[in-house]
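Trainee: All chains, please: the whole structure from these sequences, using the hints.
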Amino acid sequence: MRDTVTEPQKEPLIRVEDLKMHFPIYTGVFRRHSGDVKAVDGVSFTIQPGETLGLVGESGCGKSTVGRALLRLYEPTAGRVVIEGDDIATLTPEALRLKRPTMQMVFQDPQASLNPRMTLSAIIAEPMVEHTRMTAQERQARVFELMDAVGLNRRFANRYPHEFSGGQRQRIGIARALALNPKFIVCDEPIAALDVSIQAQVVNLLEDLQDKFGLTYLFISHDLSMVRHIADRVAVMYLGRIAELSPRDALYAHPLHPYAEALLSAVNEPDPNRARRERIILKGDVPSPANPPKGCSFSTRCPKVMDICRITRPELAEVQPGRLVACHLYTAAGSTGASEAPEPKHNQSQQGASS
Amino acid sequence: MPDGAAPVLDVRGLKTVFRTSGGEIHAVNSVSFHLKRGEVLGVVGESGSGKSVTMMSLIGLLPSPPAEIRGGEVMLGDRDLLKIAPEDLRQVRGAKVGFVFQDPMTSLNPVFTIGMQIMEPLREHMGMDKRQAEARAVELLELVGIPDAKKRLKSYPHQFSGGMRQRVMIAIALACNPDVLIADEPTTALDVTIQAQILELVKELRQKLGMAIIWITHDLGVIAAVADRVMVMYGGQVAEHGPVKELFANPRHPYTRALLKTIPSIAGAREARLQVIEGQPPILSEAPTACPFRARCVHAMEICTQENPARRPVDAAPLGHGHDVACHWTPEGTDA
Numbered sequence: 001m002r003d004t005v006t007e008p009q010k011e012p013l014i015r016v017e018d019l020k021m022h023f024p025i026y027t028g029v030f031r032r033h034s035g036d037v038k039a040v041d042g043v044s045f046t047i048q049p050g051e052t053l054g055l056v057g058e059s060g061c062g063k064s065t066v067g068r069a070l071l072r073l074y075e076p077t078a079g080r081v082v083i084e085g086d087d088i089a090t091l092t093p094e095a096l097r098l099k100r101p102t103m104q105m106v107f108q109d110p111q112a113s114l115n116p117r118m119t120l121s122a123i124i125a126e127p128m129v130e131h132t133r134m135t136a137q138e139r140q141a142r143v144f145e146l147m148d149a150v151g152l153n154r155r156f157a158n159r160y161p162h163e164f165s166g167g168q169r170q171r172i173g174i175a176r177a178l179a180l181n182p183k184f185i186v187c188d189e190p191i192a193a194l195d196v197s198i199q200a201q202v203v204n205l206l207e208d209l210q211d212k213f214g215l216t217y218l219f220i221s222h223d224l225s226m227v228r229h230i231a232d233r234v235a236v237m238y239l240g241r242i243a244e245l246s247p248r249d250a251l252y253a254h255p256l257h258p259y260a261e262a263l264l265s266a267v268n269e270p271d272p273n274r275a276r277r278e279r280i281i282l283k284g285d286v287p288s289p290a291n292p293p294k295g296c297s298f299s300t301r302c303p304k305v306m307d308i309c310r311i312t313r314p315e316l317a318e319v320q321p322g323r324l325v326a327c328h329l330y331t332a333a334g335s336t337g338a339s340e341a342p343e344p345k346h347n348q349s350q351q352g353a354s355s
Numbered sequence: 356m357p358d359g360a361a362p363v364l365d366v367r368g369l370k371t372v373f374r375t376s377g378g379e380i381h382a383v384n385s386v387s388f389h390l391k392r393g394e395v396l397g398v399v400g401e402s403g404s405g406k407s408v409t410m411m412s413l414i415g416l417l418p419s420p421p422a423e424i425r426g427g428e429v430m431l432g433d434r435d436l437l438k439i440a441p442e443d444l445r446q447v448r449g450a451k452v453g454f455v456f457q458d459p460m461t462s463l464n465p466v467f468t469i470g471m472q473i474m475e476p477l478r479e480h481m482g483m484d485k486r487q488a489e490a491r492a493v494e495l496l497e498l499v500g501i502p503d504a505k506k507r508l509k510s511y512p513h514q515f516s517g518g519m520r521q522r523v524m525i526a527i528a529l530a531c532n533p534d535v536l537i538a539d540e541p542t543t544a545l546d547v548t549i550q551a552q553i554l555e556l557v558k559e560l561r562q563k564l565g566m567a568i569i570w571i572t573h574d575l576g577v578i579a580a581v582a583d584r585v586m587v588m589y590g591g592q593v594a595e596h597g598p599v600k601e602l603f604a605n606p607r608h609p610y611t612r613a614l615l616k617t618i619p620s621i622a623g624a625r626e627a628r629l630q631v632i633e634g635q636p637p638i639l640s641e642a643p644t645a646c647p648f649r650a651r652c653v654h655a656m657e658i659c660t661q662e663n664p665a666r667r668p669v670d671a672a673p674l675g676h677g678h679d680v681a682c683h684w685t686p687e688g689t690d691a
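Protein sequences, first through last, are from chains U and X. Mapped onto our numbering, the consecutive letters of the first sequence carry residue numbers 1 to 355. Mapped onto our numbering, the consecutive letters of the second sequence carry residue numbers 356 to 691.
Among these hints, one or two may not hold up.
Partial list, derived from the structure: chain U residues whose beta carbon lies under 7 Å from chain X [what the hints assert, rightly or not]:
(1) SER197
(2) VAL203
(3) ASP271
(4) LEU282
Calculated from the structure, these hints are not laboratory results. Even glycine gets a Cβ: it sits at the ideal position worked out from N, Cα and C.
Mentor: Rendered as structure tokens:
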């Protein structure tokens, strides 16, 4: 359905280069700067126009922070976020404001992200008040148009958010994100708060809208089976860095990074025969991003850990066409123990050079 | 009993309503099930399906008012939990039935050490002195896989990660060797790799200790991984019930069938478009005289609005022991 996106020669809509987002920690009476939580620590990727990039990982891996830093809801510590030729990370406030209509966000919690004192119509119209010179009448017409697009009955225009169910509220949030004809939407766990039977409704809606308006998505989620359904390529994050970035089918058929492998093996399938298979059970918890382990951040839990992993941090590198992996199994010279690793290549792609 | 051993827990016709200013909400309507030793019963349903309220009703954890238990029997061994005195029920809750809640952040008391919280039921229900309780607490923490158990007794909940806290909750629930462990969405707040750890732990414990487990979840994947039997709830009722493999391979209720189709798969063919269940779950303000799923059901017939379907067996086993379904519709090519 969106098979054009696999052609690599096209200019990407989004280019993220070595994005870092560190949150300072202050301690003591004098609030001395004593360290940083490295929520995002050198992340690079591109998104083609019309493509959906899935961003998966466990809580605390920095996936939501990437989404927010991309739209400059946080001030990135370092790195570039180029959207249609403009570096979002360094734009002046006024230039950023003019850029805002092209990039929007759908939030996880439709309860918290909608103002309870505004009517549905006021919520959807607000971006137009801020960014366009439409008349009240034009805005109302556009609100109705958007409500039709997301499947909300026009009769509900003057109701308040609390009168809607979770799935309907998420539709309101999507309508608001669409109000200014954006090109790029960050969907931050848009279905996590919804019941299973409602999740499919919202995902189908997002796909329909993508086809209709040619949208580009960054789809952030911890739901690996839903990401497999919606994404074209998938980035797996661990502790502030990308462990693997691969085309969807390749990743799910044969994950290369040991963390991606463990993560996929932990998913419970709604099929008793498959759900009881042998799985890779990781030991321990995710280390703190304020104090990440030396070398590879996954080395403390990795079932295939080698000596080099505790010393040198592996860089993200293209190990197969279109597949980027940050793991010594594939890049270290004389790699052993990676029986299924096919011909490791040593070329560092430009996306891999991150520090 | 037809299949040998008597059940540890036998629930018959449980009815719970909530009285609100806007009228009565029929949260649980004639729910029946039983549980045998060493067995895991998975209970699935969406929010508002009545799965948690059912389990809270069993052991008197619902505040009354607004909740009112209208009828039914809850037989734990030879005692009806709905009829015994509150003090006795308190004893049952700590010693016979253990409970693990969804959110390990909020269900541990932040101002007491983990040790005190594990030792409390031991001293309260088992009459242990401090030394015995401490020794048993260390044993329990080791059982649930917490390293350095003796030292960790002095730690506070905030010093543990989410997965570790859930292990502590399980240790507390297991403290008095309960006959039944009720786990209400115990892995929902956890990451998938941590969830996998907890699922392994529970499977291991069940083999070691042989208790019966009720596992409540909305995640069909978790059910597929841990349950022996499944009970699918919708609108406060049991829609379908059966052995796990049979139910996933051969779902009979239109709700179960639709639910299984809405979930995208992680392997195999990728569907171009997800199947959806149109509409919203019901608000249970009407007396249950019709099928609660009729408004969203693709097979709804006239009779569905007139008569609430009773559970009927779809295989040879007696009702409640094999595969049964509460639906007027019969899939084509079957004769039940």
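Trainee: Next step is simple, just say for each hint if it's right about the structure.
Mentor: Hints versus structure:
Because the beta carbon of SER197/U sits about 4 Å from the nearest beta carbon in chain X, less than 7 Å, this interface hint is met. Hint on VAL203/U holds. Least Cβ distance to chain X is approximately 6 Å, under the 7 Å limit. The beta carbon of ASP271/U comes within 6 Å of a beta carbon in chain X, closer than 7 Å, and the hint placing it at the interface holds. A cut of 7 Å between beta carbons decides the hint on LEU282/U: the least distance to chain X is about 5 Å, and the hint holds.
Going down the numbered hints, you'll see the structure goes against none, and every one checks out.
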